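Given the sequences, and given the hints that come with them, work out the whole structure.
Which chain is which? The protein sequence lines are P and C, in order. Just so you know, we're using the UniProt record's numbering here: the first sequence kicks off at 1 and counts up by one. Just so you know, we're using the UniProt record's numbering here: the second sequence kicks off at 1 and counts up by one.
Warning: the hint list may mix true and false statements.
To give an idea of the interface, some chain C residues facing chain P are shown, with a C-beta separation under 8 Å as derived from the structure [as the list claims (entries may be wrong)]:
no., residue
1, 69
2, 81
3, 83
4, 85
5, 86
From the derived model, a few chain C residues whose C-beta atoms are all more than 10 Å from chain P [as the list claims (entries may be wrong)]:
no., residue
6, 12
7, 63
8, 111
9, 120
10, 122
11, 147
12, 180
13, 190
Hints listed in this document are in silico derivations from the structure and should not be mistaken for laboratory results. Just so we're clear, the structure is a prediction, and the values are computed from it rather than from any experiment. Glycine residues also receive a C-beta, built at the ideal position from the N, C-alpha and C atoms.
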Amino acid sequence: MIQRLAFLPTAVILLTLALAGVGLILHPGQGGALVSYFDAWFLQILKFSVLQATLSAVGSVLLAVPFALILATRPFRQQWLIQGLMNLFFIMPVLTVVLGVVAVFNDWFRVFSLTGIVVAHLYLNVPYAIRLFWERLSQYSQTHAQVAVTLNMTAWQRFRVLKLPILIDAFRPIFVLIFLMCFSSFTVVLTLSGGPANTNLEVAVFQSLKLDFDPKGAAFYAFFHGLIAFLILFFLGRRDQFGIEFNRLTERQHATATDTQWLAIAVLLFVLSLPLFGLTVDALSAPFAGSSRFGQALTTSLLLALGSGVLATVLALCRSLSKQQGRFTRFLDFGLLVLPMMVITTGLLLLTLKLHIAFKMTFFLIIWLNALMAMPLIITPLQSRIQLYHRRYQPLAESLGMPARTRLGLIYLPAVLPLLPWAMVLSMVLSIGDLGVAALLGSAQFVTLPILIYQAMGSYQLVLASQLTLILLVICAVLLLAAEWIGGRLRYA
Amino acid sequence: MLEVQDLVCRLGTHRFHWNFSVPEQSFLAVTGPSGLGKSSLLNALLGFLPSESGRICWRQQDLSHASVAARPFGVLFQRDNLFEHLSVEKNLSLGLSPSGRLSGVMQEQLLEAARRFQIDDLLKKRAGALSGGQQQRVALSRVFLQNRPVLLLDEPFSSLDPGLRRDGLDWVQELQREQKTTIVMVTHHLAEVREAASHVLEGVSSDQWTQYPA
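This is the structure we're talking about:
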């Protein structure tokens, strides 16, 4: 029974990919041959997609390495706080960073440009890259450092012999991961592009469908986007080298940070808090005028987030029960995070348009797709916990002849219970900040909080956009705090 | 009679070979240096370690292909004998019913065993919150409730102090007398169990074991 449950997420993912593929092939578009889309415009989009992703990934890695080296010098008491802050930048609504970058840097340079896109990507990815490099560098233990000192190795020799191989080893997977995430970036490029010259494949798909109503063009761009991302992931990315996970059980450290570490932390805190500070100042600069559709947008966003949260948690729970983690299932789980979700969304939208059920399915499709996007992020902690209990108690359970249902109820569910509120809220936070899927699938009447923010930005009401984003951020913070509180109570119940 | 006939198992590069028999209601102490396969023997008996050849027979019935639960063994491992996140009562109930659901009669049996092992005041506590000695008594009372004809013990008291180890062994002997259980106990401290044991199986190497009366 347990293994059948574990197969459910794989079945859902495969079904989604298959339906999206069918949708792209059977698109309801008319007009000329596909070859007509191979034009200068397509090359421009392709060039820009690669350029902005490369600049963002190179910048993220180059900025992250020195910070990671300093933070990994030795473990320190406050590192859980710094790691938590870095995780927060990965999960917080992208619009928060976008509006924050606009608020802080608009007077310094033209943020609605390639520079603005890269800066926003750096804010989203540098903290994550630091965390990944930091984790890798922590493998280099204090004992190794002590041995190196007794061998009279200089600081440079210690770096070259002990740390450099780890950095080189970690460079490719981290670079590929960030490149793929930026290559599939939608919200940042859509909101900060500043004109058609700065369009990537993801935005081109959106524009083809929503502005030009050219399903054939959308299918063409989506297909190429999917193909490129798949090839990069398949040939350059090996799942076991990535670490898209949020390990919450950080070991407590007792040493205080060194002076250099404090300096690095101070610089990081200052730079990272700038957009949040700018956003807050902007939002509070005028009274909240509100919007006639605010109530509707808020309710819709909360309902969608709740649905996605529940579905993602159920699917992740089922997947984490799986004993075997084959390369294929790992690839499927992980691929969903970096394969462009807009491609899958476009495929499903085209299919529902073909079947004339598009607008009846909007709500359901958004929940479904957002749940699939969130699932890879919450699987690993649930899985580690289940595997820990499995290793500890499987012999005893077998010797007692406990049936599968009893094992599920008495061993595995209690194991993950304290993590479930957190898993659900993380999925909800990711869903509530989503602009791409909702904007693509929703009709003109359909509105969520991020869509409302985007519309406010589009009509140059930047203060209103900041105010709505601040509300979104507060909702996310309340949800995360509530999850911590409930999780804590369940842990000690 | 528990008979292990030319049983050969492999674990990594180690090859184990056992050949011995234990009369019913007797106490076999399995001893020898670390790494020879004492715990592996219990895993093989339980069916966790697959065999390459040979047979395990209980009352002349071949158990080689029986599932773990279908074998006549109760077991106490070195650790993790209790589900620490569950209550003592739930842990005990799993000894009576694999699903943990008890009839009225079973509930009575559970209470009686708890009184007998002096853990009746601990029933509502989480197993993980108990001391080592209390956990030992809970695990033993679950084994008592299981009432299997053969009890396999893999140094379950080794982490306890000598006094508690002695108590544990006393409980095991009492259980053996009362339920007429056959005991197979892995131990590093042969001197501690020599009085209780009727036979000794001593490992010379992983595929060479000698059996003699205690």
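Verification of the supplied hints:
| no. | hint | in the structure |
| --- | --- | --- |
| 1 | 69 | holds (3 Å) |
| 2 | 81 | holds (7 Å) |
| 3 | 83 | holds (6 Å) |
| 4 | 85 | holds (5 Å) |
| 5 | 86 | holds (6 Å) |
| 6 | 12 | holds (18 Å) |
| 7 | 63 | holds (14 Å) |
| 8 | 111 | holds (20 Å) |
| 9 | 120 | holds (22 Å) |
| 10 | 122 | holds (18 Å) |
| 11 | 147 | holds (13 Å) |
| 12 | 180 | holds (20 Å) |
| 13 | 190 | holds (25 Å) |
Violated hints for the displayed structure: none, as all numbered hints are satisfied.
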